[in-house]
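Visitor: Single-letter residue listing:
2 protein chains.
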Amino acid sequence: MVNFSDRMDYLKASAIRELLALTRKPEIISFAGGLPAPDLFPIEDIKKATAAVLEENGKTALQYGETDGYAPLRKHIADRMFKRNQISTGPENLLLTAGSQQGLDFIGKLFLNEGDVVVMESPSYLGAINALTPYLPKFVEVPTDKDGLVMEELEHILQTTDRVKLIYVIPDFQNPSGRTWPMERRKKFMEIVTKYEIPVIEDNPYGDLRFNGEFLPALKTMDTKGLVMYMGTFSKILAPGMRVGWVCANDAVIAKLNLIAQAAVLQTSTFAAAVISKYLDMFDIDEHVSRIVPAYKHSCDLMISTMDECFPEEAVFTRPDGGLFTWVELPDYIDTKVMASQAMEKRVAYVPGEGFFPNGGNNHCMRLNYSKEPDDRIVEGIRILADVIKSNLR
Amino acid sequence: MVNFSDRMDYLKASAIRELLALTRKPEIISFAGGLPAPDLFPIEDIKKATAAVLEENGKTALQYGETDGYAPLRKHIADRMFKRNQISTGPENLLLTAGSQQGLDFIGKLFLNEGDVVVMESPSYLGAINALTPYLPKFVEVPTDKDGLVMEELEHILQTTDRVKLIYVIPDFQNPSGRTWPMERRKKFMEIVTKYEIPVIEDNPYGDLRFNGEFLPALKTMDTKGLVMYMGTFSKILAPGMRVGWVCANDAVIAKLNLIAQAAVLQTSTFAAAVISKYLDMFDIDEHVSRIVPAYKHSCDLMISTMDECFPEEAVFTRPDGGLFTWVELPDYIDTKVMASQAMEKRVAYVPGEGFFPNGGNNHCMRLNYSKEPDDRIVEGIRILADVIKSNLR
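Protein sequence lines, in the order shown, are assigned to chains L and P.
Quick note on my numbering: the first sequence kicks off at 81 and runs consecutively.
Quick note on my numbering: the second sequence kicks off at 81 and runs consecutively.
No lab work stands behind these hints, which were simulated from the structure alone.
A hint or two may mislead.
As the list claims (entries may be wrong) - BS3-like, lysine-lysine: derived pairs with alpha carbons at most 27 Å apart:
1) P:LYS218 <-> L:LYS336
2) P:LYS426 <-> L:LYS105
3) L:LYS139 <-> P:LYS127
4) P:LYS226 <-> P:LYS155
5) L:LYS155 <-> L:LYS128
6) L:LYS139 <-> P:LYS128
7) L:LYS128 <-> L:LYS92
Quantities reported herein were computed from a predicted structural model and do not represent experimental measurements.
Could you build the full structure based on these sequences and the hints that come with them?
Guide: Here it is in C-alpha cells:
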C-alpha cells in the first residue's frame, strides 16, 4: 500500500475527542469535554419543530439544498446576530457549516499554503490547531495574561513575522482559558489588524453564555475592512448533535468558502438546518438561553468555590464570566499528562493543557469543564482532583 | 487583504451545484441534478422515527458523540452491507460522513500530496474531481466503453505512470455515464489493482437502484489486500437532506480517516444518524427501496423511449440498468455548454459533459437525470431538447 500524504505526519489525535470515548463511562466524573448539559436540551420543543418541518415542508427538508445552507435559517441567524451582537449582515454573507469546527477547516483550506503563519492566543482551542494543521502552517503563539491576548506582543509579532495569513482568536470566555478580552483590548486589536490587514477568525461559540459582567461587542462590529470572519454555532445554545454552525464573512471570502463547501461536502444537512429554523420560528431561543445561563453560572460558582476550598495555593485558575471552562496552572514541575492517569484511576477526567499550545510545552496546565456534571459530582471530582494535585506537590 | 491559497486557483464552481439554484424555479424542466424524487421520501416514517428518537434517546441524539459516528447506525450499515452487498465488515471499519462527498474530501486529504496522480474513469463524477482538486493531484483519465472502464488501458497507465496514489471508480450505474461494469471487468480490475497495490475508492451511491439485469458484487468483495475504500450513502435510498454516508476501509485507513474527521468536523450529526438508525429499527428500508426502483425504472424507460422517438440518430446515449442518469454523446462540433443556454431559454436544464472530464474537453457530451421530473415534463423536456439538438446539427 502506498504512503499517506505528508500532512498526516503532523495530524495528532485530539486529546479531547480521545477522552470523550473514555468519559462516556458513567462512573467517570468528567471535566474533560466541552459538552453542554444534556438536561438542558429543549427536547420537547425540538420534537415539535421536527414534526412541524416534516408536516409542512418535508420534501424540502429531506432534499438537497443550496451550498450556502437553508435560506430561512440563514435569515434567522442574520437577524439574531444583529439583535444579540450588533453585527449587521445579510443571509448572503453567511455559510452554514457542520458546527463551527467545519468553518475552521474551510478557512484553513481557503487561506493556507504550507509554511504560512497562523497567529493564535497561547493557549488556544485545541480543535482549531487540529483543523488548521493539515494545511501545514507554522503557528506563532501570542502571550496572554488574565485579560486575554497581549496586544503589544501581537503587534510585535506582526511587525517581525513574514507570511502571516490568519489570526485566530476567541475573545469571549476563551477555550481553554475561560478569559474574556476587555473593551480596550478589542479596540486595540482591531486597530492593529486593520493596520496590518490580516484576516481574522473570531470564534464565538460561547458569547451567549455570559453569567457575570457586561456584554462586550464582537470584533466584527469594529471591522471596517472586512477582515473578520465571525464564526457562531448552535452547539452551545441549542444542541451540538445537530452540527450546525456558521461563518459570516465578506463577499469575496464567502464566495470562495462556498466553492470549498461544494467540493468538500456539497452542503450542511438540510434536515438539521430546517429543524433549527423551525425551532426558531416556534420558540424563543433567547428564553432558552436564559435558562441555560443561570445553570452554568451555578455550576461554575460551585466548581470555583470548591477549588477555592480544596485546591492548594500553588494552583492558579481563571474565574470565568461565562462559557464552559476554567483553566488551571500548576507548578512547572507537574506534568498534567502524567497526572491525568492518576486522576483517571480515581475516576476523574480533565484535559491536560499541552494540546492547547500549537508548539507544545506548558505541561503544567489543565482545562476543566463545569457544564456537564451534576452538583454532587462537581464537588466530589474537584476534591479528588485536589488530592491528586497535592500528592504531586514537592 | 492577503491572497488566498494556491489551491484556490484550481477550484471551480460545480456546474451541477450552480445549476441547482437556477433549476429550483418551477417552470424549469430540470434534467440537471441528481436529485431523488421528493415524492418518494418516506416522510411519515421519518417523522415517526424522529419522534421515537427524541422520546427514547433525546439526550444522546442531541449531544456530541464519537468521531466515527453513532454506533447503532454503523451496526445497521455493517449488517446491511453484508446482506445486500456480501461485504463482510464490522462497525469498527466504518466512518460516518456527511454524504459520501465528505468521504472523498477526507480520502483526498489522507492520501494526496501535490502532484500525486489520481486515476479516474473518463468521464467521472464531477463532484469527485472537485473534492480531490484542492489537494492538487494530477488526474489521469482511463478510456471507457459501453461496459465502463477499459482494463487494458488501466493496466497500461499503471505500468507507465509514477506516483499513482488513488484510483476512483463507480462500477454501478456510473455518474455520469449510467454504465455498469460486467463481472469479468470487476475481476480483471481487482487483479490489476491487487498486482500494483493501489488504493481504490469504490463509490457506490446508486447500487441499490438496479431496475434491469442481475446484481453484481462490489469490488470490495474481491479485495484480498484491503485496498478498496467502499463508500455508501443514504442520499439516494432514503433522503439526501440528511447528509449521512459512510466509508468502509481497512483498520489503518479508518484510523487515519478518524483523525481527519476529528480535525475537520469533529463528527457527523448525531441527530441525523440517530434518526436514520431508528428508521432502520422501525421500518424495512429494502421495502422502501423496492418502491423507489420501479418508479425510477418507469422514468428511465419513459425518457429513453422518448429519446428513441425524438432524438436525431447523431445522438448516442446509454440505456442504464439502474441509477439516475443517462449520458448523451453528440457530434464533436456541438458545444453542449453553448447549447445549454439555448435549452435553458426553452426551460430545459441539463449538465454539459465537460465538467465530468478532469482534464477538460469533450464538449459534445451531456448528462441527463430522469429521477426528478414527472412523466409529462420528461416527455415535454426531451422533445424540447431534441429540437434544440436538431437545430445545432450541421
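Visitor: If any of the earlier hints don't hold here, list their numbers in rising order.
Guide: Structure breaks hints 2, 4 and 7.
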